[in-house]
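Chemist: Those protein sequence lines, which keep their order, are chains A and B.
In terms of the working numbering, the first sequence opens at residue 1 and continues consecutively.
In terms of the working numbering, the second sequence opens at residue 1 and continues consecutively.
Quick caveat, the hints were computed from the structure, so don't treat them as lab data.
Quick reminder that beta carbons are idealized off the backbone N, C-alpha and C, glycines included.
Hints are not guaranteed to be accurate.
With the Cβ distance kept under 8 Å, some of the chain B side facing chain A (calculated, not the full set) [as the list claims (entries may be wrong)]:
id: 1; residue: R116
id: 2; residue: R137
id: 3; residue: V160
id: 4; residue: I170
id: 5; residue: M173
id: 6; residue: G175
id: 7; residue: L176
id: 8; residue: T182
id: 9; residue: E186
id: 10; residue: F196
One-sided and incomplete, this derived list gives chain B residues near chain A with beta-carbon spacing under 10 Å [said to hold, decoys possible]:
id: 11; residue: T133
id: 12; residue: P192
id: 13; residue: L195
Protein chains: 2
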Amino acid sequence: MASGAPRTTSSSAGYAKGQMRREQIVEAAVAAYADLGYHGASLRKIAKRVGISHAGLIYYFPTREALLAAVLERRDVEDAARGGLPQSPGLGVLRHLLDVAAHNQDHPAIVELYARLAAEAITPGHPAHGYFTRHYRQVRGYAAASFAALAEAGQLRDGVDPETAAAALIALMDGLQVQWLTDPGEVDLVGPLRLFLQQVLLVPVDQPQ
Amino acid sequence: MASGAPRTTSSSAGYAKGQMRREQIVEAAVAAYADLGYHGASLRKIAKRVGISHAGLIYYFPTREALLAAVLERRDVEDAARGGLPQSPGLGVLRHLLDVAAHNQDHPAIVELYARLAAEAITPGHPAHGYFTRHYRQVRGYAAASFAALAEAGQLRDGVDPETAAAALIALMDGLQVQWLTDPGEVDLVGPLRLFLQQVLLVPVDQPQ
Numbered sequence: 001m002a003s004g005a006p007r008t009t010s011s012s013a014g015y016a017k018g019q020m021r022r023e024q025i026v027e028a029a030v031a032a033y034a035d036l037g038y039h040g041a042s043l044r045k046i047a048k049r050v051g052i053s054h055a056g057l058i059y060y061f062p063t064r065e066a067l068l069a070a071v072l073e074r075r076d077v078e079d080a081a082r083g084g085l086p087q088s089p090g091l092g093v094l095r096h097l098l099d100v101a102a103h104n105q106d107h108p109a110i111v112e113l114y115a116r117l118a119a120e121a122i123t124p125g126h127p128a129h130g131y132f133t134r135h136y137r138q139v140r141g142y143a144a145a146s147f148a149a150l151a152e153a154g155q156l157r158d159g160v161d162p163e164t165a166a167a168a169l170i171a172l173m174d175g176l177q178v179q180w181l182t183d184p185g186e187v188d189l190v191g192p193l194r195l196f197l198q199q200v201l202l203v204p205v206d207q208p209q
Numbered sequence: 001m002a003s004g005a006p007r008t009t010s011s012s013a014g015y016a017k018g019q020m021r022r023e024q025i026v027e028a029a030v031a032a033y034a035d036l037g038y039h040g041a042s043l044r045k046i047a048k049r050v051g052i053s054h055a056g057l058i059y060y061f062p063t064r065e066a067l068l069a070a071v072l073e074r075r076d077v078e079d080a081a082r083g084g085l086p087q088s089p090g091l092g093v094l095r096h097l098l099d100v101a102a103h104n105q106d107h108p109a110i111v112e113l114y115a116r117l118a119a120e121a122i123t124p125g126h127p128a129h130g131y132f133t134r135h136y137r138q139v140r141g142y143a144a145a146s147f148a149a150l151a152e153a154g155q156l157r158d159g160v161d162p163e164t165a166a167a168a169l170i171a172l173m174d175g176l177q178v179q180w181l182t183d184p185g186e187v188d189l190v191g192p193l194r195l196f197l198q199q200v201l202l203v204p205v206d207q208p209q
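Let's have the full structure, built from the sequences with the hints guiding it.
Modeler: Encoded structure:
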């Protein structure tokens with residue numbers, strides 16, 4: 001830390017320490033799911049990796065599902081940072097989603113975690129229900145605003161409703177993941193997405209080289 | 001049974017009786033999931049509804065997941081029968097899938113069962129993994145043959161690969177279900193499907209009145 005950094009009060013220092021510990025736990029959970037699989041990575045094993053007690057972990061994440069949702073939230077931040085999610089809606093956002101899908105093909109463990117937890121969390125009251133409700137609304141919102149901006153620019157095919165196209169795009173990403181996880185040789189995560197985008201857009205989906 | 005029906009040997013009579021019992025169990029399971037929800041309908045409760053012992057039920061369906069897969073197989077048969085799945089691939093098959101999606105909107109219990117089990121069954125060795133592998137290959141196959149027939153008739157947009165479009169269509173149906181179950185007011189199961197089909201086809205998706 002730079003010597004000129006402001007001195008923190010003890011309560012904000014406690015907050016910062018808590019945040020750091022949360023981050024450590026989420027990082028350990030990401031690694032544990034990648035190494036041990038969805039069913040192998042128990043809270044106890046994750047606590048051991050962080051070097052805290054099971055009770056200590058429970059203080060931060062009362063359930064396994066709450067920790068899983070935190071892992072997915074962190075992944076959303078990483079996905080947005082990698083390659084750079086454009087600040088304003090438009091073609092760049094849709095291309096970014098294609099890049100996320102391509103990245104997912106090399107990261108089956110997190111794709112599996114997402115697909116399993118999304119299906120479990122459909123029930124209100126599930127610890128990850130809030131995460132998925134927000135996540136879906138947010139990505140549908142980005143995508144809908146992007147389709148609307150393209151329509152405005154005359155780059156969306158006539159008759160394509162931006163909100164309907166947004167729900168379709170996100171559904172396509174998610175549904176492909178389940179087919180791909182079930183039968184990896186038969187389906188890929190990118191081709192059908194690119195097909196959909198190319199059919200609704202009047203501009204090339206792929207980046208000019 | 002007509003008096004002229006052939007007399008069965010005792011082993012085929014036993015087989016028929018076993019089939020009937022299986023059918024009874026699957027029917028009771030369908031009703032139990034609709035009444036009690038995914039987590040409420042235990043094997044014990046289902047056995048009670050059929051009037052057999054828990055051990056008797058286990059003889060037919062060794063795990064809860066195997067019974068759930070049988071419920072979904074039966075639903076596939078019902079979906080194909082309702083409205084009539086056309087014998088030959090083409091526009092009729094795609095319209096049939098739209099009808100299935102519309103029917104699903106009034107049957108959230110079975111949609112929930114399908115979405116949850118699909119995500120759980122991605123692992124080889126899960127009792128429903130075989131069902132989902134077959135199911136996906138079969139519906140993708142029907143859909144791909146239908147897009148190919150439309151391409152042959154000059155009714156598919158240029159550049160649309162039938163197999164890619166098929167994977168996309170099934171992914172779209174499945175992904176929409178999870179969004180719809182998570183946040184029912186925000187998404188519908190039919191609109192995005194119709195949008196996709198209308199974008200890739202050069203003929204109207206909706207039946208002429």
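Chemist: For every hint, state whether the structure bears it out.
Modeler: We went through each hint and held it up to the structure:
Taken as an interface hint, R116/B checks out: its beta carbon lies about 5 Å from the nearest beta carbon of chain A, inside 8 Å. Using the Cβ-Cβ criterion of 8 Å, the hint placing R137/B at the interface with chain A is satisfied: the shortest such distance is roughly 7 Å. For V160/B, the interface hint holds, the least distance from its beta-carbon to any beta-carbon of chain A being 7 Å, beneath 8 Å. Interface restraint check: I170/B against chain A, minimum CB-CB distance 7 Å, threshold 8 Å, status holds.
Because the smallest distance between the Cβ of M173/B and any Cβ of chain A comes to about 7 Å, under 8 Å, the interface hint for this residue holds. Annotation: interface hint on G175/B holds; nearest CB of chain A at approximately 3 Å, less than 8 Å. Residue-level restraint check for L176/B holds (minimum Cβ-Cβ distance to chain A is 4 Å; threshold 8 Å). Annotation: interface hint on T182/B holds; nearest CB of chain A at approximately 5 Å, less than 8 Å.
With a cut of 8 Å, the hint placing E186/B at the interface with chain A holds, because the nearest CB-to-CB distance is about 7 Å. The interface hint given for F196/B is met, as the beta carbon of that residue sits about 6 Å from the closest beta carbon of chain A, less than 8 Å. This hint holds: T133/B has a C-beta 5 Å from the nearest C-beta of chain A, less than the 10 Å allowed. Taken as an interface hint, P192/B checks out: its beta carbon lies about 4 Å from the nearest beta carbon of chain A, inside 10 Å.
For L195/B, the interface hint holds, the least distance from its beta-carbon to any beta-carbon of chain A being 5 Å, beneath 10 Å.
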